[in-house]
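From first to last, the protein sequence lines are chains A and B. Going by numbering that gives the first Met the number 0, the final residue of the first sequence carries number 280, and the count climbs one at a time with no gaps. Going by numbering that gives the first Met the number 0, the final residue of the second sequence carries number 468, and the count climbs one at a time with no gaps.
For the record, the hints were derived by calculation from the structure and aren't laboratory data. You can take every hint at face value.
Computed far set for chain B versus chain A, every beta-carbon distance over 10 Å:
1) ARG15
2) GLU32
3) GLN105
4) MET365
5) ARG375
6) LEU465
Restraint-style ranges between C-beta atoms, simulated for each label pair:
7) B/ASP231 x A/LYS75: 37 to 45 Å
8) B/SER430 x A/GLU151: 48 to 56 Å
9) A/MET66 x B/ASP231: 39 to 47 Å
10) B/GLU413 x A/GLY165: 54 to 62 Å
Idealized CB from N, CA, C, for every residue including glycine.
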Amino acid sequence: MAYRILEKEEIAPSVHRMVVDAPDVAKAAKAGQFIILRINELGERIPLTIADFEKEKGTVTVIFQEMGKTTKQLAKLSAGESLEDFVGPLGTPSDIRKLGTIILVGGGIGVAPLYPQAISYTEAGNRVISVIGARNKDLLILEDEMRKASSELYIATDDGSKGHHGFVTDIMKKILDSGEKVVRVVIIGPPIMMKVGAGVASPYDVEILVSLNSIMVDGTGMCGGCRVTVGGKTRFTCVDGPEFDARKVDFIELMNKLAMYRGEEIIAAEKYEEECRCGLH
Amino acid sequence: MQDLKEEKTGKAKKERTPMPEQSAAERRKNFNEVALGYKKEDALFEASRCLACKEPECVEGCPVNVDIPGFIKLICEEDFAGAIENIKATNTLPAICGRVCPQETQCEALCVLGKKGQPVAIGRLERFCADYEREKDVRVPEIPKSTGKTVVVVGSGPAGLTAAADLAKLGHKVTVFESLHKTGGVLSYGIPEFRLPKEIVRQEIDYIKQLGVEFKPNYIIGRIKTLDELCDEFDAVFLGTGAGLPGFMGIPGENFSGVYSANEFLTRVNLMKAYDPAYDTRVRHGKHVVVVGGGNVAMDAARSALRLGADEVSIVYRRGEEEMPARREEIEHAKEEGIIFRLLTNPVRILGDEKYNVKAVECIKMELGEPDESGRRSPVPVEGSEFTIPADVVVIAIGTSPNPIIFKGSEGLEQSKRGTVVADEDTGATSKCGVFAGGDVVTGAATVISAMGAGKKAARAIDEYLKGK
Ligand SMILES: Cc1cc2nc3c(=O)[nH]c(=O)nc-3n(C[C@H](O)[C@H](O)[C@H](O)COP(=O)(O)OP(=O)(O)OC[C@H]3O[C@@H](n4cnc5c(N)ncnc54)[C@H](O)[C@@H]3O)c2cc1C
Ligand SMILES: Cc1cc2nc3c(=O)[nH]c(=O)nc-3n(C[C@H](O)[C@H](O)[C@H](O)COP(=O)(O)OP(=O)(O)OC[C@H]3O[C@@H](n4cnc5c(N)ncnc54)[C@H](O)[C@@H]3O)c2cc1C
Ligand code: SF4
Ligand code: SF4
Ligand code: FES
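Throw the hints in and build the complete structure from the sequences for me.
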């Protein structure tokens with residue numbers, strides 16, 4: 000079985016968009032779900048959010064950031080090449096209904112999973128205020144797409160090279176303070192950003208959702224590797240999530256768990272880059 | 000070799016022919032198969048021990064009723080091709096069963112020779128025949144004309160594989176959907192290479208492919224398609240989705256880094272080949288490993304951890320050795336390899352460091368009380384007997400239950416309180432018309448051969464059902 004890559008482009012430094020031919024996945028996909036792919040027989044299984052899908056064309060789009068060995072290797076593939084495995088849709092779809100005003104907050108690569116949600120929330124008749132950010136303006140992704148999919152769009156960069164000079168959560172707080180009745184906040188980004196965002200939004204009378212990116216193997220509830228503590232209970236991110244009530248998530252545990260293989264990951268990535276320089280890949 | 004010869008020529012045929020094995024010192028450093036298999040002369044000698052009983056009890060002990068005296072007689076006649084054909088008439092996966100069946104509680108438990116001495120080594124002989132055939136060319140049986148009926152099998156473990164093979168042999172068009180990227184179920188992701196080489200699983204599955212069965216990996220029922228949709232698209236459905244949901248103990252510290260379910264630990268090691276540096280998937284190589292549980296799964300996890308280079312691996316089990324559900328041979332092998340057995344011991348808490356990495360397991364001593372419903376004496380904690388075992392990896396192997404994912408979009412499929420699918424014992428028929436089920440998804444975690452037995456019965460019932468359709 001092979002899944003062909005139909006399109007591939009670098010949309011920001013080290014951030015890539017890839018369109019894959021996977022009709023079965025496309026047909027069943029919903030906003031908030033993800034896939035797991037494996038590049039080849041030797042590869043590991045990595046989860047990526049479904050950033051877009053077209054049922055008629057049978058295509059699924061993923062957007063990924065180069066982190067370690069697997070994502071760096073994925074970045075080297077081009078249109079026409081194939082992935083060994085591409086399984087999904089996984090996870091519980093986002094609970095998208097007509098609610099009122101929603102704030103979508105995305106940091107870095109977290110904007111990718113927010114995009115299909117922006118479309119779906121808007122289609123369901125909500126007023127969608129999106130706040131997206133990155134370290135600097137070059138790293139900002141999907142700005143035009145998010146603008147089209149939202150009622151309002153705000154931008155923040157850590158270095159002030161575009162939009163607000165500071166964090167996306169600063170803007171989120173301003174909106175919450177503005178008096179507008181907000182029903183739900185969805186925050187997706189690096190764990191530390193979700194933790195801080197959850198802390199900022201907590202005092203307000205608003206539902207806060209985050210999408211967790213725990214380490215996974217199968218993505219079907221079979222291994223328990225993705226388990227997180229939510230409200231003192233063990234939950235499996237891949238089937239019970241990936242979205243959870245931010246107020247209840249044990250972020251410290253999650254962040255420590257994500258660091259579990261860090262030593263080996265750094266070695267693997269360095270080895271891979273060294274081999275690339277030597278022309279082995 | 001010297002011992003072996005003496006045994007064959009000297010003593011009466013009371014004792015079974017020993018299995019050639021890698022030495023414990025050698026094998027604890029590699030993932031190669033432990034038991035090397037009988038040579039021809041071993042097999043001939045062992046086969047000659049069989050009394051060819053008129054009313055063979057051993058056959059009653061086998062869940063699929065392999066014609067044991069029949070195939071053993073063919074071995075004696077050196078007709079190994081005939082022997083394997085005889086076995087395959089009832090058992091589609093002999094190379095696997097010969098290796099992993101708990102023979103001591105099944106076929107061999109009832110062998111008459113066992114009353115006075117040691118029973119015939121039926122499993123080893125079965126393995127010998129299957130291995131003999133694999134080295135030659137595997138014969139594919141004639142497939143009857145297509146019936147035009149389509150059957151879908153969900154799950155490619157032993158239950159699904161057996162049902163698929165039998166249905167294909169009856170002329171039905173069979174498609175197998177498997178959620179993982181590799182087929183085989185627990186045979187591929189759970190049971191380690193050193194006990195069941197994956198090459199053997201691959202060859203057995205290739206044989207089923209040659210029967211015309213189509214396999215679709217990366218296809219999760221309940222996600223890509225629901226059971227209801229399958230019922231609309233196919234004439235009948237067989238559910239063999241196993242019991243893949245890992246249980247945890249619910250004790251403090253269970254979510255620290257380095258605490259694995261046996262499913263995760265074994266999947267990383269077996270399916271993803273984390274023991275081989277050429278593969279990208281990682282697993283933590285612990286120095287001090289604690290495995291909780293007393294079944295085959297616990298033995299496999301402990302012995303895998305040892306092979307990854309641990310200094311010390313202990314098994315923590317709350318009952319005594321007699322109560323351990325693991326195959327006898329696995330317990331013996333684990334002991335020989337130096338696994339420490341901490342029996343009548345139960346973990347109460349897992350301790351971690353400031354980075355949330357596991358560093359020790361706090362346990363309590365147990366003593367056996369009155370027998371419980373299962374007839375086993377239930378363990379009760381001994382107050383004040385707490386002690387800690389240092390650990391950087393902990394593997395929880397206390398059991399699994401069926402994955403509920405299959406129930407999403409399956410109108411009218413009855414489920415028990417334990418989460419299993421309710422199905423008729425003789426036919427596998429469920430409460431949903433045209434849907435049959437068997438294996439661990441119905442019984443809860445059991446054995447390879449019982450799953451196969453269920454797949455077989457269901458295939459027969461599905462064939463009947465299709466004739467009436
Ligand atoms: C549900 C879900 C959706 C995700 N969606 C996206 C997405 O849309 N785009 C994107 O760029 N990334 C996404 N991720 C994260 C992505 O899976 C990891 O970046 C990727 O696995 C890293 O692999 P690597 O080999 O390149 O890096 P590694 O060297 O393996 O790791 C780099 C870091 O990534 C994290 N990581 C490692 N393995 C995994 C794993 N199997 N699952 C999750 N995190 C891991 C760890 O924190 C690690 O320190 C998602 C993760 C989850 C769980
Ligand atoms: C580590 C370990 C060691 C064992 N050792 C022994 C032993 O020595 N001897 C012995 O007899 N037994 C042993 N067992 C038990 C034995 O392996 C099982 O009883 C047997 O595999 C059950 O077979 P099954 O076909 O019912 O299910 P499984 O083998 O569990 O196969 C089920 C398959 O269905 C797939 N699936 C699940 N849900 C879906 C879905 N929604 N869509 C598509 N596919 C799905 C799964 O991915 C899996 O591949 C062991 C088990 C384990 C875990
Ligand atoms: S299939 Fe298993 S139980 Fe049956 S005869 Fe063979 S080894 Fe014994
Ligand atoms: S019971 Fe034992 S001796 Fe008798 S036929 Fe079976 S294997 Fe042979
Ligand atoms: S990834 Fe294995 S259970 Fe969630």
